[in-house]
Amino acid sequence: MSSTTVTNWPAENEPVVERSSFGTWLMTYVFARDHKIIGLQFLFSTLLWFFVGGMLAMAIRWQLAWPWQNMPIVGPMLFSGEGGQISPEFYTTLVTQHATVMIFFVIIPILAAAFGNYLIPLMIGAEDMAFPTLNMCSYWMMWPAFLLIGTSFFVPPYGAGAGWTSYPPLAALTESSPGSGMAQTLWLGGVMFVGIASMMGSVNYLTTIIQMRAPGMTMMRLPMTIWGMFVTAILQAFALPVLTAAAIMQMTDRLFGTGFYLPEMATANNSAAVSGGGQPLLWQHLFWFYSHPAVYIMILPAMGMVSDILATFSRKPLFGYRPMVLSICVIAGLGFVVWGHHMYTSGMSPVLGITFAAATVMIAVPSAVKVFNWLGTLWGGRLQLTTPMLYAIGFVSMFIIGGLSGILMASTPVDVVIHDTYYIVAHFHYVLVGAATMGIFAGIYYWYPKMFGRMMNEFWGKVHFALTFIFINGTFFPMHLLGAGNMPRRYADPYHFELFADMLPLNRFITICAFATMAAQLIFVLNFFGSLAFGRRVGRNPWNANTLEWSAPSPPGHGNFDFQPIVYRGPYEYGDPTCERDFQPQTEPSLDGKDRGLAHA
Amino acid sequence: MNRLRNHSSGPLVITTLIAVAVSFLSGCEVPIASFSSNLVFAKRLEIDSGMKMEPAVNETQSILAEMFGTPDQPTWPKLLSEDQELAGLVSQQRLTRAAGAVRSDQQDNHFGLFREHCVHCHSVVGNGVGPTSSFLNPYPRDFRMGIFKFKTTPKGKKPTREDVMRLLTEGIMGTSMPSFRLLKQDDLEALTDYAIYLAIRGEVERRLMMEAASELDLDKGERLLDPALKESAPDDYQDQLRLIEETVTKVAQSWTGAASSVTKVEAPPADYPLFGRDTAGSKEAQDRLGASIANGRSIFHGKIANCASCHGNTAMGDGQTNDYDDWTKDWTILAKVDPRDKEHIQPFLDVGALKPRNILPRNLRSGIYRGGSQPVDLYHRIVQGIDGTPMPAVGLKPDNPQGLSTEEVWDLVNYLLSLPYEHITQQSSQVPPYQRENP
Amino acid sequence: MKTVFAIAFLLIAGGISQFACAADWADLKMTFVLKGTPPKPSAVVGKERDPICAALPILSESMLINAKNNGIQNVGFYIDTRNYKIKEIHPDLKAVPANKVVLDNKNCVFVPHVLIVRPGQTITAKNSDKTGHNCNFSGFFNNTAENFALPPGASRDKIIDQPERGVSPVDCGSHPWMKAYIIAQDHPYVGLSNADGVLSIAKLPTGKVAFRVWHENAVIDEVMLNGKKAKWDKASLELELKIGMNEYKVEVDAARFK
Amino acid sequence: MGKFWSLLFLCVPVLGTAMYLAGMYTSSGPLAMWFPENINPMAEEIDLLHDIILALSGVVFVATGLAIFLFMWCYECGCNKQLAKFVHGNHRVELWWTIIPTIVLVALAVYQFKVYADVRINRPMMAGADGVKGTADDVPEPASFEVMGRQFEWRIRYAGEDRLLDTPDDILGDVNELHCPTGTVMVGSLKSADVLHSFFIPALRLKNDMIPGTRQIVWFQADKIGSYEIVCAELCGWGHYKMKGRFVAEPPDQFQAYLQRLREKQFLREYVPAPPQPATDQVALDNQPTN
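Protein chains in written order, with our numbering: chain X, 1 to 601; chain Y, 1 to 439; chain P, 1 to 258; chain C, 1 to 291.
Hint data in this document are derived by calculation from the structure and do not stem from the laboratory.
Warning: the hint list may mix true and false statements.
[To be verified] Once the Cα atoms are required to be at most 25 angstroms apart in a straight line, the calculated DMTMM-like pairs of lysine to aspartate or glutamate come out as:
#, chain 1, residue 1, chain 2, residue 2
1, Y, K264, Y, E59
2, P, K258, Y, D338
3, C, K3, X, E458
4, P, K85, Y, E231
5, P, K208, Y, E211
6, P, K87, P, E251
7, Y, K184, X, E458
8, P, K40, P, D221
9, Y, K336, P, D104
10, C, K265, C, D166
11, P, K229, P, E247
12, P, K130, Y, E211
13, P, K234, Y, E211
14, P, K228, P, E251
15, P, K94, Y, E215
16, P, K208, Y, D318
17, Y, K220, P, E222
[Said to hold, decoys possible] Derived contacts from chain Y toward chain C, CB cut-off under 10 angstroms, selection only:
#, residue
18, H117
19, H120
20, F135
21, G171
22, S179
23, G276
24, F300
25, Q374
26, P375
27, V376
28, D377
29, N400
30, V413
31, S418
Note that CB positions come from ideal geometry on N, CA and C, so glycine has one too.
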């Protein structure tokens, strides 16, 4: 590791411009360039979309539990003509938009952008991001995406409906289906803006992490959170341009009659034949070349955060820091060469499928290493079961389930059977809702005192955890059985098949659990906003944690640190029996002058 | 279609939560109170007659509700069920099965079939303007004119029950109408009844509205069935009532009469060559088939059948492509509105009409035959024409000395069946290159 | 109350007509004239597809104006049954004419452009052209729709057995400009203006009679009736018919036409 | 409180395993669902492979779940009076828990290559010019039926006497109904008329996308007489859920009779007033014994 230089950009050096109070407010809170404000902007926007995406999911679950029953009250408002039934094309809109909102507007930005922005400078001891203005732009680039995808609900055909994967020709032939009209074009525009925003962010993170670490903060002293963000940023920087380009190509297919993804004479729904000459599979390759790494974009930062939280509340060092870092890197590396496992049944050459299968199976190894290391961290600790800790353990528990079912999917012949069934739905919901969301909640509960200077209510936090944990498992575990029964995804009404007719009771159970999960989030909302006003005020380090952000004021002011942080050791020196306290902040020199940070490794 | 209210708006979110709560407590039923009125037709009559049609629309609505019930509780009009001949047309029991909300009983009998399978395209009232309809090409059928395209009876006649049933079981290739052949026979019967019921109801509605527009001065308060007359002039009231009943009976009779008007198909002699079957047969059969196809080709391009004028010399449907079907003409041409005239069609679109589209002659080389691909189906299309479209019926000898003989029709059928296998540039009578590279 | 009057009127009218002589009936002559500049007849679109039609000078028939006197051709005029119930038909006109009405396909247009038939009459559609036509009778409400192909030289009959409300179009699928219209009322009091814009209806009942006016391309609601401005509500006109000849001149503003 | 939380986490492996076992071994009840019956002998190994992977991951699932429970139970600070173990890791342990999974997974990967090759790569061959099967000039067996996915139905045709598709003697099948003889390896061709569909017959463990512009070749063998369902497994538009088809496996003579019926129907030149036979009468096949 090269020695780290510190770039000091004191606040005084910034040009002082006379501004009206409105101007000041505008520049401080709206077009803010402070990474913390931007992080919070991302946090609030994504939480809002989280709610929207959740409500879309509820509508999906309603249809699956009570198919073609009139949705009470909302139904007649939306679908008066049919008495309140969800129409089948609206169902496709629901599944598409639920996925789009959750992936592009919630999980990716909340992990990479909200936490990334907030935590990276604080945890590496920098005053701000490397490029504060670019940072601001990356947030405001999300707004065109919000507006485009939001607007797509209002233009015919009322929401894109070609699936979040937007497979052509369904998505590229305007006439092929409701949902691939104007709304689909807007949807593609939205995805493009998300891509641009994320790329801006990732460039910023990479530069910041490489260039702006505090003195003494070597790469191998970085907390796992930062490693997660760092690798995520690499993934984003290299994979996202592919998706953005692919989206532009699909856009030109739709708008200007190019034929990247359309075969010769492609028609649907009696549309005019397209001159075509392209290949629908090309999109799938390009799309998954981004979207498979995106799966890791959606989980690696959470893995990092959970590693930090587990170590903090186990009051002992993280088990195997170096293997953990290595496995994150291996996951990311392999993540680039396994996209084809989404396409085993797509008509891609089966021989190619085998090579993808081999790489995919191997990705289970670093994942397993991580799980074992987390268990190793718990082993022999003095576990403080605070809310963030419970969420972190919940993360591990659910990630195990999601990861193990992934092995079934990695195996080509088995995947042929369960591809596009509820097995897949169960799998990625365990990873995304189970694991990633658990990680998000863990992160919010953990860093809330740093963000707002007050604690969230522990009691209600634990109630929230218990309900969420129970009902998320209740929602997604039975889906494995639906998948074993081969119930296909994206079916508005599977029950008219004899094969799936018996699945209604289980689906009702799932739906009730899903509604309960959604209802339990009310506790979180109340706790979150209630604590803003009534939470217990805390000092700098309420959790007795080691990492740098806890030595800054809560909440940190502009410039983050009121002293120059110098790092003396790694982030996980908990429970050292030779020390007085069971934690040793990274900024505090040890009494004996020995740096134990890399004692093992 | 009030879908514009987005999920993200606050009130909606709250109502959703309440709705979810309420749904657990109640059985979650939202009845549909009534069938919607034929406002597009009313608009046309309004333009035509210069009168405000609203009173007639409302009155028709209540007369129909009295006779035909509601979407949740449809009734087969009493006067029809009392008529021996007409009672069998539609059974009340099947109507009940097909109507209402989707549900099923302990014995796994499904109810609400129409709303499960059909409303998304054809809508509750069967006007072909369901939520999905505007995205489909061609548009779903509007039953209310009582016109159906693919059937065994001539233009102007109703389809037989079997014809409707066949459309349900086979679907309509080349359109968005899927096949429902995997439903239970009972369910299909119920849906057939319900479709006929909607068609009759819709046609009665049109006739009553037409009657009101052309015989009554609505502005002066005249009514189709004036309850005030019941006391003051019972005879007049009875006359009015009789007129309405006659209308209903007449429409229903047109359906029962369909079976007797089925076009008789003259089968050719048994040794007649047939494309596909005899393509790889004996040399003699092949020669006869070649001659038959060649003759069919000359008929196709000839003046008697005049096929090429619309289907084009290439048979790809690129001839006359500017026409409209009867469902569109009903509210455009007949209301003196040019379907291309955006400004004038807008009032119709506002009340629910779908944007007019040209009716295109079929591309006969695609191998897709909407009315069925059996030779007998093509025979029907040729000698009957296609109802509701500009496709005319070719005359048959000997009734029409200038028409075609049945053998010539079969020749034409052979030619049509061979078209998908013929090279587009090949207009000569050589045997088309059947052998294609097989995967 | 209205009905009572109507019944009384019916009784009286019926009684009178028993003894009335033929001279008690009214004749009507109406001249429809265009006020303003007549539009230039435009050529039809799409005739080049058919080489036989392409060679012919076919002009749009949607608005035929006599260049000499601005007479409007093809204005239909018939009793408005909304506002006037026909009590009796002149004995000479009671019987449905036995002759067939010819609808010729000639020079790639329908001749005549507007047909007046009585229910019970037969329309003979024939093709005098060298090209194939077809007659699509699909705009009916009461009669059976039919659409038959007419090869050159062919003729086919179409029986009109029911009266029609309003005017029903006939068209030819292969030649979209070809249009004809059928007025099938179950009474003989239907007039159609000729090339000079003159129409006459004979042997009408006297008194106040309401008429409807129809033109394929116009909504005629405001006109000059015998030089005075008159508003025709609901395309309907009430005339006070006297015994003998009644003459009217109607000037229609060019703006009424599309 | 620590006990409560550890018990809550214990529920995951306990209830999860119970639910899986219920799905596998019960025959009725809401949880009784598992892979549908497999009638394709070529795909038997798929089920075996699935079970192997499931068993392996089940062991890991239970073990890790129990570990979480135990650690929470033992090391919760309220009851764990000992100091935390101040260890940063252990090379040896790390090595083992990296190597063992790697070996297991590589073994799995190799085994699944074989399974996959059987069902997807080694296309059935037939005798070439020399008339003997198993020699070098064998040619791939041509497809004997074609399924075309269309929004939202399956259109089916069978090769006629020339054994080739796309020739005039093709036999048009009933819509949404594919018939096949039992005990014979069938090669089929899949194509799409509009958008992507995925042809999925759960009972055959057969799933392949249909891609407009290309053809996909699939093969299988149905060994049990009966009627099974065809499912669309790729989002193809608003009516995706409607794409239900029926796969009928019947004895070869019945299959030939069926083709003959189709052929007669296809060349029908007289009007038959009876409605076409709906597919439901085929259900009777379900109860026939296996030959």
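Taking the hints in turn, this is what the structure says about them:
no.: 1; hint: Y:K264 x Y:E59; in the structure: violated, 42 angstroms
no.: 2; hint: P:K258 x Y:D338; in the structure: holds, 10 angstroms
no.: 3; hint: C:K3 x X:E458; in the structure: holds, 17 angstroms
no.: 4; hint: P:K85 x Y:E231; in the structure: holds, 23 angstroms
no.: 5; hint: P:K208 x Y:E211; in the structure: holds, 23 angstroms
no.: 6; hint: P:K87 x P:E251; in the structure: violated, 30 angstroms
no.: 7; hint: Y:K184 x X:E458; in the structure: violated, 57 angstroms
no.: 8; hint: P:K40 x P:D221; in the structure: holds, 23 angstroms
no.: 9; hint: Y:K336 x P:D104; in the structure: holds, 24 angstroms
no.: 10; hint: C:K265 x C:D166; in the structure: holds, 19 angstroms
no.: 11; hint: P:K229 x P:E247; in the structure: holds, 16 angstroms
no.: 12; hint: P:K130 x Y:E211; in the structure: violated, 42 angstroms
no.: 13; hint: P:K234 x Y:E211; in the structure: holds, 16 angstroms
no.: 14; hint: P:K228 x P:E251; in the structure: holds, 9 angstroms
no.: 15; hint: P:K94 x Y:E215; in the structure: holds, 21 angstroms
no.: 16; hint: P:K208 x Y:D318; in the structure: violated, 55 angstroms
no.: 17; hint: Y:K220 x P:E222; in the structure: holds, 21 angstroms
no.: 18; hint: H117; in the structure: holds, 8 angstroms
no.: 19; hint: H120; in the structure: holds, 8 angstroms
no.: 20; hint: F135; in the structure: holds, 8 angstroms
no.: 21; hint: G171; in the structure: holds, 6 angstroms
no.: 22; hint: S179; in the structure: holds, 4 angstroms
no.: 23; hint: G276; in the structure: holds, 5 angstroms
no.: 24; hint: F300; in the structure: violated, 18 angstroms
no.: 25; hint: Q374; in the structure: holds, 5 angstroms
no.: 26; hint: P375; in the structure: holds, 5 angstroms
no.: 27; hint: V376; in the structure: holds, 5 angstroms
no.: 28; hint: D377; in the structure: holds, 8 angstroms
no.: 29; hint: N400; in the structure: violated, 21 angstroms
no.: 30; hint: V413; in the structure: holds, 9 angstroms
no.: 31; hint: S418; in the structure: holds, 7 angstroms
Hints 1, 6, 7, 12, 16, 24 and 29 from the list above are not met by this structure, while the remaining hints are.
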